[in-house]
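Engineer: Spelled out from the first residue to the last, the chains are:
2 protein chains.
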Amino acid sequence: MNNVINLKNRPLGKPGYSDFDFIIEPMPQAGRGKILLKTLYVSIDPYLRGRMNDSKSYASPFELNKPMVSGIVAEVTQSEHPGFNKGDFVSGMLQWKEYQLSDGEKLLKIDPEAAPLTTYLGVLGMTGLTAYFGITVVGKPRPGETLLVSGAAGAVGSIAGQIGKIMGCRVVGITGHGNKARLLKTKFGFDDAINYRDSPDITAAVASTCPNGVDVYFDNVGGAISDAVVPNLNKFARIPVCGSISLYNLTGDHQCLSMQSVITGKSITMQGFLVSDYASEFPKATKQLAAWIKEGKLTYSETIYEGFRNIPQALIDLFEGKNEGKMIVKI
Amino acid sequence: MNNVINLKNRPLGKPGYSDFDFIIEPMPQAGRGKILLKTLYVSIDPYLRGRMNDSKSYASPFELNKPMVSGIVAEVTQSEHPGFNKGDFVSGMLQWKEYQLSDGEKLLKIDPEAAPLTTYLGVLGMTGLTAYFGITVVGKPRPGETLLVSGAAGAVGSIAGQIGKIMGCRVVGITGHGNKARLLKTKFGFDDAINYRDSPDITAAVASTCPNGVDVYFDNVGGAISDAVVPNLNKFARIPVCGSISLYNLTGDHQCLSMQSVITGKSITMQGFLVSDYASEFPKATKQLAAWIKEGKLTYSETIYEGFRNIPQALIDLFEGKNEGKMIVKI
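These protein sequences, in sequence, are chains W and A.
Residues in the first sequence are numbered consecutively from 1, following my numbering.
Residues in the second sequence are numbered consecutively from 1, following my numbering.
Treat the hints with caution; some may be incorrect.
For the chain A half of the interface with chain W, some residues (derived, Cβ under 10 Å), not all of them [claimed, not checked]:
1. Pro61
2. Phe62
3. Glu63
4. Leu64
5. Ser199
6. Pro200
7. Phe236
8. Gly243
9. Cys256
10. Phe273
These are computed hints drawn from the structure, not numbers from a lab.
Ideal Cβ positions, reconstructed from N, Cα and C, are used throughout, including at glycine.
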């Protein structure tokens, strides 16, 4: 029998265990033109929260009583498809099922010899590529400039900061845990780090860690932290807006700073982006990221939960900031 | 004797007559290296409100009990300066005085034969240039795209929309008066116009006047109108943020939409800018604007108040939207 996780309720606020349904269905068999995939690793990402709402975010909403979908690395266990062999490894947007059929469309074959399988979901996958394009194409920091990253110890932030270092910036990270703030400096090579839970005045903390102001603010969080960064932005600052994790679980109205009224005076550019905007450049970017890892210039963290039944818990814990780097569930 | 207008109080909310002081001082005389200027036209602009506050906006605050400063066209009535002759006309940032001395620095000599003197404050001056760079460099609309302009009947908006038409866009304007909405279509060649005071649902009004969505939103106003535009923005939309007149007179907190959470999904770019960022390109741009006027492709409106004592009233009325196009006081 095959295990499946459906979306049961659209969460109000933070997602909880009761928003998911564990279903058992018959084991599928690969017919003509199909492959059977065995799920190995499931990617757990903040954007999933938006798709659990009824409103259209950047992807269409998940349907109620249908399986959740996220980035998955799987192994081909049966193939009736000319393009795939049993034993192939693939990554793609797949359902939260232990086993599932695919016609192979939009799957990427991946090489377990070239890099660990989990990295195709993280540093060499969506989150690493998001950091790469957000910094190199959107933020465009110049050597000597100051790059500030929020959500800095996460899967995207930790890579974004390191790419900033590679590009010659002074890099400061904001995170919500003292141990993560230390890791940013010791493991990821950030010049300085702020634990916002430990900083009664975040604006002042940014000012003291970024004495020359902030030229690029890589924004993963939005909300109060981003509002507190604003007074420290330099003339012509750029804000790649990658995500707003602080807002995803909010319900109802909330106060926020009018960015319109602050960005004019300093000629600031705030640019939202999705990694999919740059799909044609993925091969080149992945090659660059892999080369930096090989050269020892780029490192990454993964937080790996184990067991199919723990997928919802991983998502719940992601919003508590319990991950360091990429959150993945090993099946 | 010489008439002067000082800033007396920093206004709370809308500026009022009592925030200004009328002073009389001795008539200045041009000494060596100086010129004496007679004020002819005073430019009245929304950004002046920000400088009346104590906080730094994009320009430093005006000092209390010192003259207000704005764009002014003046005539040289005495010259002890080798670079200027009696009878020359100049424009520059000058004090609200009937007569004043200058060392000639940062003054631009202007030619009353080439264009009416008032246009050097408007369509060929700061507001026309703001529209030019905001559209051509920041918004970058492509032929066939939809450009939406707020504050559309103002000095910047009316020019921005017409430049959009020249660049091949469908252009829609938002304004707060029915007669201005009509003018946008009849005089300025906009394809459609919205009177927001007449539209209970601005989001729906934008949707019906912009059936293909909005590709470039030229934002002069911020606040509730801009929030209402957001659902109509297309993927990869650009928002040149020129000003936020709806917010300038607000005191205390106000609710606003978190732009961070909406711009990611549609890969929207929101870019603040100041006309001074493009100072090196002013001559080229002014030439282009003048050529469009000559070719009949660009028209402009001016609202001209008369009399030195009416300068404060012109500023007060600007925030009531009583101007059509550029607000100027003729002395």
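Engineer: With reference to the structure, classify each hint as holding or not holding.
Structural biologist: Outcome of the hint check:
1. Pro61: At 12 Å from the nearest chain W Cβ, Pro61(A) fails the 10 Å test, so the hint is violated.
2. Phe62: 15 Å, violated
3. Glu63: It is violated, given that the least Cβ distance between Glu63(A) and chain W is near 19 Å, above 10 Å.
4. Leu64: 21 Å, violated
5. Ser199: 20 Å, violated
6. Pro200: 20 Å, violated
7. Phe236: 8 Å, holds
8. Gly243: 6 Å, holds
9. Cys256: 5 Å, holds
10. Phe273: 5 Å, holds
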